[in-house]
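Keeping their order, the protein sequence lines are chains A and B.
Per my numbering, the very first residue in the first sequence carries number 1; after that it's consecutive.
Per my numbering, the very first residue in the second sequence carries number 1; after that it's consecutive.
These are calculated hints, taken from the structure and not from any lab test.
Just so you know, not all the hints are guaranteed correct.
Stated by the list, open to error - Partner residues are not named here, just some residues of chain A that face chain B (Cβ under 10 Å, in silico):
#, residue
1, P2
2, R311
3, S313
4, E378
Note that CB positions come from ideal geometry on N, CA and C, so glycine has one too.
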Amino acid sequence: MPKKSKIYHFPVGNGDMTLIEIASNDKHFRILCDIHIRESSNRKIEGFDEARCDVIAKLHDIIQTDGDDRPYIDVLLLTHPDEDHIRGFAKYFHTGNPGDYKTISNDDDYDKIFIREIWSSPIIFKRKQANHSLCDDAKVFNKEAKRRVKLYRDSGYIGSEGNRIRLIGEDRDGKTDDILNIVYKRGSSINTVNETYIQELNVIVLGPLDDGDFPEDVDADKNRSSIVMRWGIASQGRIVPTNYLLLAGDADVHCWEILHDKYQFNTAMLEYDLLIAPHHVSWRTLSKDSYSESDDPEVCDKAISALGRARESAVIIASSNKILNDDNDPPNYQAMKEYKSILSEVDGEFKSLATHKPNGKEYPEVLEYRLTVNGLQEEDGSDKTDATKTAVGMARVTTIQIPHG
Amino acid sequence: MNEVLKELLRYPAIVDAKIVENLDSAWTSIETTWFTILPNKYKAKGVSSTGVRDEEAVILSFPPSYPTHPPSIGLRTDFPINLPHINPHQEGEEVPPCVSEIPLSELLHSLGLFGILSAIEGWLKNAVSNELHDPIQGWEPIRRTDSNGILIVDAFDLRQQITKANNNINYFRVLYTKMQSGFSFGGMRGKFVGSDNNSLRRIRVAHNPSDSFNLTPGILVANQKACDVYQAEKVSTFEELITFANYFELGDMLKARYKYLTKKIVSSNHNHHKNIVNDFFVVLAIKRPYPIIGVDGDLELLAYRVEASISKAGKLQHDSRCYPVIVQDICTPEMLKAVSGTKALPGAMITAIGCGSLGAKLTSHLAKTGSYGFQLIDNDYFSMHNNARQAIIETDITKLYQSKAELLDAEFKKLGIRSNALSCDVRLLDPKKNFYAKQGSGFILDSTASLAVRHFLSHDVTDLPATLIHTYLLNRSRLGVTVIEGSDRNPRIDDINAYIYQLGLDDDHYHRAIYRYDGPQSMHFGDGCGSFTTQMTDMDIAIPAASMAANLNKIINNPNHENGLGQLLLTNVADDYSVSVNTLLLAETKIFPSNNTYLWEVRVLGNVAKGIEQGADEYRTFENGGILIGQFDWFSKTLYVTGLMEAPEDTERSATRFVLGTKGAKKALTEVAQRSGGKLSFIGTWHSHPNGEPPSKLDKGTLHKLQEDTKLPVVMLVQTGGRLQRIVE
Chain A
1 MPKKSKIYHF PVGNGDMTLI EIASNDKHFR ILCDIHIRES SNRKIEGFDE ARCDVIAKLH
61 DIIQTDGDDR PYIDVLLLTH PDEDHIRGFA KYFHTGNPGD YKTISNDDDY DKIFIREIWS
121 SPIIFKRKQA NHSLCDDAKV FNKEAKRRVK LYRDSGYIGS EGNRIRLIGE DRDGKTDDIL
181 NIVYKRGSSI NTVNETYIQE LNVIVLGPLD DGDFPEDVDA DKNRSSIVMR WGIASQGRIV
241 PTNYLLLAGD ADVHCWEILH DKYQFNTAML EYDLLIAPHH VSWRTLSKDS YSESDDPEVC
301 DKAISALGRA RESAVIIASS NKILNDDNDP PNYQAMKEYK SILSEVDGEF KSLATHKPNG
361 KEYPEVLEYR LTVNGLQEED GSDKTDATKT AVGMARVTTI QIPHG
Chain B
1 MNEVLKELLR YPAIVDAKIV ENLDSAWTSI ETTWFTILPN KYKAKGVSST GVRDEEAVIL
61 SFPPSYPTHP PSIGLRTDFP INLPHINPHQ EGEEVPPCVS EIPLSELLHS LGLFGILSAI
121 EGWLKNAVSN ELHDPIQGWE PIRRTDSNGI LIVDAFDLRQ QITKANNNIN YFRVLYTKMQ
181 SGFSFGGMRG KFVGSDNNSL RRIRVAHNPS DSFNLTPGIL VANQKACDVY QAEKVSTFEE
241 LITFANYFEL GDMLKARYKY LTKKIVSSNH NHHKNIVNDF FVVLAIKRPY PIIGVDGDLE
301 LLAYRVEASI SKAGKLQHDS RCYPVIVQDI CTPEMLKAVS GTKALPGAMI TAIGCGSLGA
361 KLTSHLAKTG SYGFQLIDND YFSMHNNARQ AIIETDITKL YQSKAELLDA EFKKLGIRSN
421 ALSCDVRLLD PKKNFYAKQG SGFILDSTAS LAVRHFLSHD VTDLPATLIH TYLLNRSRLG
481 VTVIEGSDRN PRIDDINAYI YQLGLDDDHY HRAIYRYDGP QSMHFGDGCG SFTTQMTDMD
541 IAIPAASMAA NLNKIINNPN HENGLGQLLL TNVADDYSVS VNTLLLAETK IFPSNNTYLW
601 EVRVLGNVAK GIEQGADEYR TFENGGILIG QFDWFSKTLY VTGLMEAPED TERSATRFVL
661 GTKGAKKALT EVAQRSGGKL SFIGTWHSHP NGEPPSKLDK GTLHKLQEDT KLPVVMLVQT
721 GGRLQRIVE
């Protein structure tokens, strides 16, 4: 069957985890954007929460193994190193020399996922460390990213899979000036994944923004340093994108204000068919006023305008906990209403991953869209029974003793 | 059927299913309603851009023989048909989607009814999102329901002509016949005659009563801009043809020119009172956004025969009948290449010596890739018993006792490839003058398995116009041997065959094949005491031959890969018929030509020369040496040094002397001779001079003595000053 491009949104509570699967030249290229794998989301571990989606199992179901039997992804993109965007990295992903990869010998856990190429931004790590400490998973990621950068710096050429890295945005003080060949500057477009040109792909790097982009009175904040990308994806074999995705991590209101100004005469660069509402539907993405501390918090018009470039029938995804009309933020109920207001102009749809329970399931499921010639097409998400699943089901019978007389 | 109904209702995408009453048929129809998820932008409308709705009815009709036969699948009669992957049907019938690349019966029996339902769901999903066209798979040609004829063309050549031509309009000749039913059968004759209307003068319009074939003109109209319109064809009149052509922006061209075709027919028929030809042909060449499925190119060809109704005023009536005709390719090398996936290969001209069971199979495999031309040389005649194992099948007694080369040539010509036969003994030819294969674009392939031919190619001919490849089978076809000479014929086929003898000595696995097997099981077939052949099946030969041909194809199309080294491919067929190939690379042979003093040419195989060099390096300050093993060829007076035997343990070495010991040497050499059936034996010695001195008096004296004692042209080699020398008296 011909391969098709898809996007998978994993329900991970207040966190992000998105897999973009691009069909090109009869192959699939998979880019995993952020991860948030909580222990209680792993059925193989004691304490698994039945109300949660087993996201690591779902991820392993989708990805494939390579010639060395390693489950792999082509790219891991980390928008920024907050824990809710990198949790589970150390446990579930291989780091270090590819030659040191070892498979897990028992069924109690998953083989680590082999990352062929990493995309991350050096400046966001610096900003995070300046203001907050890195979580353990972020430290491991940072170490792995630095290992790969060093390999490139020492050899001068792009290494083999498992040693590759691309930096999104330049570092400050010219620290990436000697390795610009592996840097995607802001404003550039990307159509290569793991050193393979993909005609169906065109990604515009909108952020991270530089320090100099912000007004002097704006304090340094980690959320300004999210990678922001607008993905244009064509159906396999075609060149003109028919699906636009806007992924922005936790980029906040200041970021959107600046992006509005930068692209006010080229608003097409901010258009989308699918937006993951930044920072888990946080109010602070849309407003400079604190929702809890202001009597009458107002949205920032420019931020709303920048985030309002929804194309006809666009979808905005809430990758967050269930949105309730309470004081929580994120997610924020009023922010959701603002997004819904944007969507009302274009007959769009607001989708909450926390409540996406197709076919009467008791836990949220992965939300999938095909990326087609005619735009986004939702998959029905039903479990189809087939011969393999039936046979696997039979095996479970033997997990308890069967007495005979 | 109740179980089927339950399974249908369990399928998530099916929202409803009910059996449809039909008392007239033994078939059971179940009408199912499917929920199709529309792309987001069409959800509000409830129908996609392709006309597919968010709920679609699918009729599954189960035959009484189900599950031996699968159900047929039908969509509503007004389902949009401007979509690919819909099977032919008539207006008013249920629209049959083509949901699977493999037959539905195979799908049913591999994955069950679930497999068919999954395929339907996938088809609907793609239909609703306009993803039925898949550029990777290719553009699906327009569905033609009412074809009533065949037009044979060299489609590959035609597509090339269209691409090269600067004009989008071209006239051509057609030779065709019509049956009473209206079915026409014809073919395009030759290339385009031209694009201006005057070129119609070069086309004759005529009817031949003796064979009922007609000559008439045709017109091809093409567009240069890719068109992604998929339009169901509904053409039965000329008017409808124009309307259809308009979808692809070809209608105007046709409208501008058809009157000249009409005029041509009218004027040609003017003097005929009988046998009027009133047809002309139209071909629409539609450029698509990507290659057509199963075709090497992006031009879709749709052909029509117009049965012209012409008014008294000489004008074509627009309600003239128009019949779609199927474009049928002829077999050409380009077609073979496209089907074989070998389009990108440069190919070669092969001078194939020997068209026996191995040679015919090797060349046939290569021929069918479309990438090769052949000169076939064999003077042996074909006998009835050859049918058991030959690529040729010939039982017509008038064709028997023709040369195998001629018969094989006739087969190759059917494929449209370049081929020529020479029924003569190759040993009477001058390869430089008579072989078609030339270096850089060709190869010589010897599959005669004849030692005499091998001798001829090795010794009687010094220069060959192309690289020589030598193939044969051993041990009842359990070992296939492919020898490829190195650049400038070094190593040469006789060198590599000498190496094979040494290999058989050293390696138990090959020893059996090369030196002993369990007898040929020969039988006598045909007349004459020379006409015996080994009992084997066609499969026994076909299995190694296919592997050898595949490797030849790879090597021929990548000739610089091994940097000019000689190659030996050993194709091993195990008892269970699995095949493994061992590839060995052979360095240049060190050659010592004959001279007035020493009448024998000495050829030291590359690996042996290397071994001597390494042996000399082992004892940097002492003289070292050993025994040479090899083969004498008395006909050509050639001595092949194929292997080294270690010096016996009582050998003495010093800075200035090397005295070869004797302990165990005789026994070891006897074993060599016995194990090789006398092919290999002691042929001389080697030693080294660590300080680079030339051969000494002692060396020459020893050589003389050895030759006297053995009465053989024993050779002595010395490694000195970084190079290998032959000692001569």
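Each hint, compared with the structure:
1. Taking 10 Å as the C-beta contact cut-off toward chain B, the hint placing P2(A) at the interface holds, the least distance being around 4 Å.
2. At a threshold of 10 Å, the smallest CB-CB gap from R311(A) to chain B is about 8 Å, leaving the interface hint in force.
3. Taken as an interface hint, S313(A) checks out: its beta carbon lies about 4 Å from the nearest beta carbon of chain B, inside 10 Å.
4. Checking E378(A) against chain B: minimum C-beta separation of about 5 Å stays under 10 Å; hint holds.
Checked against the numbered hints listed earlier, the structure breaks none of them; every hint is satisfied.
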